[in-house]
Amino acid sequence: MFEYAPAPESKDLVKFQDSYGHFIGGKFTKPSATYQTINPATEQYLAAISHGTAKDVDAAVKAARNAYEKTWSKLDGATRGKYLYRIARIIQERARELAVAETLNNGKPIKETRDVDIPLVASWFFYYAGWADKLDYAGLGPNPAAHGVAAQIVPWNFPLMMLAWKIAPALAAGNTVVLKPAETTPLTALLFAEICQQAELPDGVVNIVTGFGDTGAMLVDHKDVNKVAFTGSTDVGRLIAKQIAGTNKKATLELGGKAANIVFEDAALDQAVEGIVTGIFFNQGHVCCAGSRLLVQESVQDVLLKKLKRRMETIRLGDPMDKNTDIGAINSKAQLTKIEKLVKQGVKEGGERWAPNCPMPKNGFWFAPTLITGVSPANTVAREEIFGPVLSVMTFRTPAEAVAKANNSPYGLSAGIWTEKGSRILKLADQLNAGVVWANTYNQFDPASPFGGFKESGYGREGGRHGLLSYLKGAN
Amino acid sequence: MRLEVKKTYKLFIGGKFPRSESGRVYKVNDHKGEFLANVAKASRKDSRDAVVAARAAQSGWAGATAYNRGQILYRIAEMLEGRREQFVEEIRALTGKTDKQANLEVDQAIDSFVWHAGWTDKIESVAGNMNPVAGPFLTSQPTSQPALLQPLRRKRRL
Amino acid sequence: MPIIDPEAIVGSRITNQSLSRWLHSLPGVDKVGLEARAAALSTRSIKTTSKAWALDMAISMMDLTTLEGADTRERVRSLCLKALTPDPDDLTTPQPAAICVYGDMVKHAKEALGKGKIQVAAVATAFPSGRASLAVKLLDTKDAVNAGADEIDMVIDRGAFLSGQYLEVYKLIQAVKKACERKDGSHAHLKVILETGELETYDNIRRASYLAMLAGADFIKTSTGKVSVNATLPTTLLMLEAVRDWYDETKIQIGVKPAGGIRTSKDAIKYLVVVKEIAGEKWLTPKYFRFGASSLLNDVLMQRQKLSTGHYSGRDYVSVD
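Residue numbers (our numbering), protein chains in the order written: chain C, 1 to 476; chain U, 1001 to 1158; chain S, 2001 to 2321.
Next up, chain C with everything else stripped away, as it sits in the complex (with noise of 0.2 angstroms):
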């Protein structure tokens, strides 16, 4: 028998403090009202973290603005693109570092943090450091302007890559920023601003408030805010936007998701199985594009299913910190409730659940990959974001059917095609209300493609271009 023995990624490769306060004007604030943070994996605690006060909000927004007027905007975009090179570069020389912290504190294998996260979170700081001097060139016209500060606020599920999202962007247009991170997962964040220490970047541009939901509103509410920048779910993308409706604020959303992974008859169908379980398995299904509705054509559904279940077998569940888990832990006891509410709801309304025989430690929030087969476009299931490695199972008989379907939702983030006809995806990629269009292939990133949805999946695009267009005036 080959068992994989235990491939444990050392835990010291990273050094949490005791505790952490605020990272305003370049230096970090004294601990206060703190929090426990913990890793979801052993429930074991990790740091103590600030929650951040109106008056915290406050002084980092000052800090931002000072900066902004005082120093960044007086900058020439050469000059910024070589603070955002050097902070790329560090994230290069800490990058282990950095993936074994990421997997820490949300749970995610530290195979993906290793070779997906870390690796995107470089690039993207590598990527718009390029553009900080190349403004002319992003269709504005010559010289265009940044806001001036930008409240950003961030989400659980890729700690880190979200923060570069957000904020490699926003100092190549020119802007600075203040930047809440999820509370359940503030580490990374607070590493990234010892790196802007290390990298000198002057003090104010960056600013890491953390807290919980109230730190986040106070920030979006705060009157010296030009722009925000939200990525999480829609029911609090939808607050965000009733909160500055009426002011000069502009906003970019990037919300949930419900996407559709539509796969042909004539799919290459061992590869449309890899792409239906990173669709959904990936980050444990905590992705906002995750390909969480299989749509398959019903000719080819028992067969698919057969290879699915049987790929599904070989999922590795477990410790995080083993470079051989394919899936870690669930990022909190709340995610996880809901988890198990929606799938228990998918089950009275008729479908079928089935999971791999997956032994699970017992402490941590823990989940099977999970399939609910039957399922009809009525169900919940099918209609609302689960968030977590479950996946809904629908079928369709002709094309046109299979577009309507993937349509009939009230997101539109992203959706994959799975076919040989290659006329095909060129006509379904243009039906198909999704930002995102992946073809023969599933949740692939690149700081060069803008990403972002349609309807209630948000708008604004991050990455490429387009991403930059949403750091500066005139672009909305």
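Hints in this document: simulated from the structure, not taken from any laboratory. Warning: the hint list may mix true and false statements.
In the BS3-like style, the derived pairs of lysine-lysine whose C-alpha atoms are separated by at most 27 angstroms in a straight line are [said to hold, decoys possible]:
1. K2282(S) / K309(C)
2. K1100(U) / K74(C)
3. K2266(S) / K11(C)
4. K421(C) / K2031(S)
5. K1006(U) / K1032(U)
6. K249(C) / K223(C)
7. K323(C) / K2051(S)
8. K2226(S) / K2287(S)
9. K2287(S) / K2251(S)
10. K427(C) / K2031(S)
11. K250(C) / K62(C)
12. K306(C) / K2251(S)
13. K348(C) / K405(C)
14. K2051(S) / K11(C)
15. K309(C) / K2251(S)
16. K11(C) / K2047(S)
17. K30(C) / K223(C)
18. K134(C) / K249(C)
19. K362(C) / K2047(S)
20. K2031(S) / K306(C)
21. K82(C) / K1100(U)
22. K2306(S) / K11(C)
23. K2266(S) / K323(C)
24. K2047(S) / K323(C)
25. K223(C) / K74(C)
26. K309(C) / K2031(S)
27. K15(C) / K2047(S)
28. K1006(U) / K1041(U)
29. K306(C) / K2282(S)
30. K2282(S) / K323(C)
31. K62(C) / K27(C)
32. K2306(S) / K323(C)
Here are the in silico distance ranges between beta carbons for each label pair [said to hold, decoys possible]:
33. A1064(U) / E313(C): 34 to 40 angstroms
34. G1060(U) / E200(C): 34 to 40 angstroms
35. A2040(S) / I1123(U): 29 to 35 angstroms
Only part of the chain C face toward chain U is listed, based on derived beta-carbon distances under 7 angstroms [claimed, not checked]:
36. G130
37. Y137
38. R465
We put the CB at the ideal spot given by N, CA and C, even for glycine.
Go by the hints and put chains U and S onto chain C.
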């Protein structure tokens, strides 16, 4: 007094530093007319070899990801910044420029590499071409290989 | 042991047209996706006990090979003695599964190996190109079988395959399978080399795999090792999917042998990971998976030495063969 180890100046072809296949060198003096070095004098064959090497490498370079090409250009900037003094000294010896002028020239060279490093993965989104009516979806292709002739102050062709 | 009924599988009489239809109806292979899966499986971290297990299994799966024009009796004998005692300083080292030689060297290999578990595999059918008449190819096979070869590694007719002459390819394999029969009712075990480097596309490789299995292959093998592109991880992964799906359909288990270009223990372990996660534990045995290799053995021996002594080993501590 420590005797300095003088540098030998050869050609740079195909990742290596060969002497000229002709065996020839020519004397380079500093701006005061004092002897500096015997530099390899490239022949037509050397030029041919250089072009052949460049051609052989072109498809690999074009095939590298834009991100990778940008990383390499940025690395050149890093190394140039690190060896600044050497270049300043050589510029000053050859041209008589002041320390300030020579440093400025090196600054500009480094910053040029940084500028271009940032372009590799953005050219498509600025100058790419897509016909939304009927296709085709074009990507930019590199043109042929430019041969760079650098004019000297004394108008001698290299 | 279940027997194939080709007509039942193809769904009609076997003609070039019916074979063509059957092969072309197989699902396509997406190159990017296949290569990505192989690359992902390459990141598995196999350490300590699992590494030790894998190294031993890799050795026991090797077909130690010499296929040179310059082969002589002494050369073959030397390789056989190495197979019998791979590491004289560590007699716990397992033996490879087989020695692989040209047909006219079989008798020397049989003599050197004596009576033991190590098999003698002979390449046949005008290996490596396969360009000769049917009569010559069958005689080549018969000679090797008569000389005592336990296994025959044949090459398919790539020219016929690439020009759509599937029936030609099929008939050759069947004829060679027949030529493997011995008077006592046993038969030499048949490996069918697809020469995947020449087939080029993954769709072709999938089709050739199915054609070979339909025609009676005991093993499907990637390459001769004599062309520029030999075994690769994605190709082997694809062939493992083929034998896995074939088993589902027919209950017949067919083996896979990647050959050529597998030089390091790291490579070999990656292949074993792919076998486990694609086809399953049933294939993790020399009976259903082999490595066609020569220099791989020494690298694995050095890794074994490192695991047992704790020190990195070197060339002086393994023998030339």
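Hint by hint, here is what the structure shows:
no.	hint	result
1	K2282(S) / K309(C)	holds (18 angstroms)
2	K1100(U) / K74(C)	holds (24 angstroms)
3	K2266(S) / K11(C)	holds (25 angstroms)
4	K421(C) / K2031(S)	holds (14 angstroms)
5	K1006(U) / K1032(U)	holds (19 angstroms)
6	K249(C) / K223(C)	holds (9 angstroms)
7	K323(C) / K2051(S)	holds (14 angstroms)
8	K2226(S) / K2287(S)	holds (25 angstroms)
9	K2287(S) / K2251(S)	holds (16 angstroms)
10	K427(C) / K2031(S)	holds (22 angstroms)
11	K250(C) / K62(C)	holds (19 angstroms)
12	K306(C) / K2251(S)	holds (16 angstroms)
13	K348(C) / K405(C)	holds (22 angstroms)
14	K2051(S) / K11(C)	holds (22 angstroms)
15	K309(C) / K2251(S)	holds (19 angstroms)
16	K11(C) / K2047(S)	holds (18 angstroms)
17	K30(C) / K223(C)	holds (25 angstroms)
18	K134(C) / K249(C)	holds (25 angstroms)
19	K362(C) / K2047(S)	holds (25 angstroms)
20	K2031(S) / K306(C)	holds (22 angstroms)
21	K82(C) / K1100(U)	holds (22 angstroms)
22	K2306(S) / K11(C)	holds (26 angstroms)
23	K2266(S) / K323(C)	holds (16 angstroms)
24	K2047(S) / K323(C)	holds (11 angstroms)
25	K223(C) / K74(C)	holds (23 angstroms)
26	K309(C) / K2031(S)	holds (22 angstroms)
27	K15(C) / K2047(S)	holds (26 angstroms)
28	K1006(U) / K1041(U)	holds (18 angstroms)
29	K306(C) / K2282(S)	holds (19 angstroms)
30	K2282(S) / K323(C)	holds (25 angstroms)
31	K62(C) / K27(C)	holds (14 angstroms)
32	K2306(S) / K323(C)	holds (22 angstroms)
33	A1064(U) / E313(C): 34 to 40 angstroms	holds (38 angstroms)
34	G1060(U) / E200(C): 34 to 40 angstroms	holds (37 angstroms)
35	A2040(S) / I1123(U): 29 to 35 angstroms	holds (31 angstroms)
36	G130	holds (2 angstroms)
37	Y137	holds (5 angstroms)
38	R465	holds (4 angstroms)
Going down the numbered hints, you'll see the structure goes against none, and every one checks out.
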